[in-house]
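Q: Read off the chains here:
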Amino acid sequence: MTDFKQYCTLKVGDLLLGIEVGEVQEIRRDTSITPVPLSPTDIRGLINLRGQIVTAIDLRRRLGLDDADENAGFMTMVLGTVEEPLALVAETVGDVVEVSVGEFESPPDTLKGEARNMIEGAYKLDRELLLVLNLSVVLELQESGGESAE
Amino acid sequence: MGGMSAIIAEFLAESAENLDSMDQDLVALEKDPSSTEVIERVFRTIHTIKGTCGFLAFSKLEAVTHSAETVLAHLRDGKLKLTPEVTTTLLKAVDSVREILAHIGKDGGEGDGVYSEIEEELDAIDRKVAKGKKKAPSKTAKAAAGEDRPKAKTPPAPASELAEEVTPETARRDLGLKDPLATEDPAPPMVGESSLRVDISVLDLLMNLVGELVLARNQISQNLGGESTPALISASHRLDSITGDLQEAVMRARMQPISVILSTLPRFVRDLSVASGKEIDIDIQGQETDLDKSVIEAIKTSLLHLVRNAVDHGIETPEQREKAGKPRTGKISLRAAHEGGNVAIEVRDDGNGLDSERILQRAAEAGLATPDELEHLTRTQIEQFVFRPGFSTARKVTNVSGRGVGLDVVRANVESIGGAVEMQSEAHRSTTFKIKIPLTLAIVSVILVRAGGQRFALPQASVVELVRLGKGNRELGIEHLHGVPVYRLRGRLLPLVALSEQLGLSSGGIDREESIIVLQGDNHQFGLLVDSIDDSQEIVVKPLGRRLGGLPFAGATILGDGSITLILDVFRIGLGAGVVSDARVRALTADSSDVESAHPPGLQRFLLLQGADDERMAVDLSRVSRLESMDRGRIERVGGNPVVQYRGEILPLIDLQRALPERRASRRSETAEPLNVVSVVICTIDGRSCGLLVHRIIDIVDADLSDSTTGSREGVRACSVIDGRINEIIDLAAVIRLVDPNFFTRDAAPEGEA
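Chains A and B, in that order, are what the protein sequence lines are. Numbered per this note's numbering, the first sequence spans residues 1 to 150. Numbered per this note's numbering, the second sequence spans residues 1 to 754.
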């Protein structure tokens with residue numbers, strides 16, 4: 001008797017990332033994002049989600065990867081469980097995969113840097129690894145720029 | 001259980017309101033003790049609380065309210081006269097009740113405060129009354145209140161010096177009085193009956209939904225193409241008007257009368273004046289003025305602060321007032337009123353006013369301005385000093401100048417919600433603070449601008465004026481002062497901040513039309529350079545996420561086309577550019593004197609003019625207040641002299657060419673081919689303005705007059721080579737005297753100075 005979990009997958013560079021489906025509110029493509037001058041680099045901008053203003057986080061930059069090709073398409077995943085409206089921007093947001101809890105492994109100690117904190121671990125899929133994002137770290141925004149708000 | 005807590009919640013809310021109005025009533029009663037209606041209302045309030053807490057088993061509360069009720073009964077029955085001491089005791093009782101209620105609200109219990117002291121004070125009054133009546137023992141007095149004491153009281157304390165008397169008048173009133181316990185119907189109609197308490201979050205949600213409805217409506221009306229049927233178009237129009245009405249109605253639902261704050265003030269002033277030994281009347285007007293709830297919250301402390309200031313520092317002691325020939329009782333008047341889209345609140349006291357000499361002295365000591373600068377300051381500019389942080393914190397200054405504690409905070413608070421504070425003071429007569437605040441924070445008027453290819457919104461409240469440079473004028477208008485761009489705005493140097501640069505956006509080509517938005521940030525003005533000014537709009541402000549704090553944006557909004565636009569935070573933009581944090585007065589507040597100081601010594605600024613015969617003339621720019629183009633048709637004649645109506649005044653005009661003594665009479669007349677539009681240089685000299693009619697305005701230049709020769713005709717101060725041409729430097733005063741010898745001596749001197 002094994003437990004299963006469902007993850008919504010995102011593709012950033014060659015990484016396949018997963019976020020538990022319960023966290024996801026909706027997925028959008030072709031959203032226009034209004035850039036915010038002077039904002040931290042990993043903030044992509046603002047999205048108009050039916051009258052609500054959502055801060056979009058560039059997952060690629062958040063993970064410290066090189067910038068994608070400017071013309072590359074992107075998709076956004078709006079998160080539903082966090083207090084303030086937030087969205088993640090990735091190259092593609094794909095399917096929902098179901099994984100067995102038994103396939104989970106912690107990240108290797110050799111994984112260093114900021115990515116180490118943001119990745120909770122990996123599920124071994126048939127052909128690749130599904131990296132589970134630690135949302136509270138990815139969104140926790142405990143970075144330098146975040147705290148100065150009034 | 002839930003039912004019980006609901007009853008308690010209701011009781012608390014109701015009591016809080018009643019107590020607030022009781023504060024007011026008691027203070028009013030002190031002024032006019034004969035108002036039976038007010039006494040009854042106060043009595044009823046306390047009685048209701050007492051009755052309810054007996055039911056809910058709050059014994060402490062019951063004891064305090066019972067004692068208070070007894071005293072009030074004496075008042076009502078005319079057995080006791082309301083002296084300030086009695087009022088103070090009763091107000092103290094109200095405070096105790098409030099305290100207990102607060103405890104109940106917090107944890108359901110009455111707290112462990114001891115209220116025997118206030119009970120004792122109240123009982124002492126009661127006993128005094130009973131003793132004064134001689135024949136009525138205290139038991140009877142209590143019976144007169146229609147109540148039995150719930151518990152035994154401590155033995156009588158020494159009688160305080162309370163005044164009590166029964167005048168025939170009060171006795172008569174006594175007879176005609178109804179028993180308030182028997183009367184259930186409230187005499188004045190209660191507002192509460194037609195209103196309903198609504199959770200503020202519900203209103204916020206409504207507000208958001210309406211905002212979205214507005215956007216949806218905008219999208220529909222924009223997409224109504226040619227193929228739309230008349231029915232669809234008319235439906236869309238209806239949608240349009242309904243949405244507008246709905247938006248307004250929801251806005252109104254968030255409105256509260258400003259009396260929420262103002263009604264607490266009589267009590268506040270009374271307490272302060274008793275404490276400081278002053279006699280002060282407070283007069284409040286415009287209590288019904290509606291304001292958004294959030295705005296009311298935001299200005300509450302500022303308003304209290306201004307009133308406290310007026311009591312503490314504005315109004316003098318009765319003795320001082322008498323000496324100054326004023327009535328002993330000082331007066332603070334508050335006036336709230338709608339003014340356009342804003343609400344103006346005025347706090348005025350008839351106290352000693354501001355001592356500008358002292359302020360100047362302090363300003364000089366604090367190094368806020370050089371002595372030279374100080375000499376040129378107008379009274380208004382001097383008064384601005386009290387809003388400076390340095391002025392408020394230093395105790396010594398406060399004591400000497402008599403003002404300024406935290407006025408900078410008041411200003412900052414008001415400005416943070418898009419308002420403004422002004423102050424006027426008449427020495428020894430009055431001080432007036434005027435707060436101007438927007439009606440609501442939810443909807444803001446903004447100007448949409450473009451910079452660096454992006455669109456931004458600027459709150460109109462902080463915009464002073466718009467200056468369009470246009471393509472051709474750009475080089476003429478913007479100058480550089482030690483590498484810093486400035487703009488000469490009516491003789492003042494306005495520091496400029498390029499918005500695209502501030503935001504780290506690429507500024508694109510130079511040839512775009514540029515405009516300057518003159519902004520008021522802190523107490524400085526600065527100009528924001530933008531690519532273009534698009535439009536003005538009313539927008540709904542939405543907050544930015546947590547991670548976007550600390551940026552120079554006050555929020556964001558969604559425009560009709562669905563796009564997001566960031567709202568600029570003017571203060572932070574100025575701060576980022578370093579134009580508002582500057583602690584010195586400098587070029588921004590001073591006027592013409594600074595224009596000179598900002599230039600290298602020896603150089604003077606001139607306005608170059610071209611005459612009809614292509615001769616060149618120059619006018620000292622510090623005299624020039626404005627350049628105008630006017631229709632020739634606007635020029636009228638009074639007593640043979642040309643004048644023009646300008647900004648609500650009559651401006652005398654001087655035709656420069658005609659005024660100057662002629663040397664070559666032959667060529668003059670035919671050259672003046674009348675143009676329809678004439679250039680007028682508006683000059684101010686000794687506080688008087690006049691307009692120079694000139695042929696053409698060429699440029700503004702810096703020139704060194706050291707090697708000039710003296711002028712060859714009257715009205716010309718000197719001749720000098722500027723820009724490769726010989727220029728006659730006009731002696732403005734002399735020219736004016738040539739035309740109107742009495743110009744400077746005529747009475748009705750305007751009050752302002754250059």
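I should point out that these hints are in silico values taken from the structure, not numbers from a laboratory. By construction, the Cβ of each residue, glycine as well, lies at the ideal position given by its N, Cα and C atoms. Any given hint might turn out to be false.
If you want the footprint, here are the derived chain A segments under chain B, 3+ residues with CB under 8 Å [to be verified]:
(1) 28-36
(2) 83-93
On the chain B side, residues computed to face chain A include the following (Cβ under 8 Å) [unchecked claim]:
(3) 211
(4) 215
(5) 546
(6) 560
(7) 561
(8) 626
(9) 627
Q: Of the hints stated earlier, which fail here?
A: 6, 7, 8 and 9
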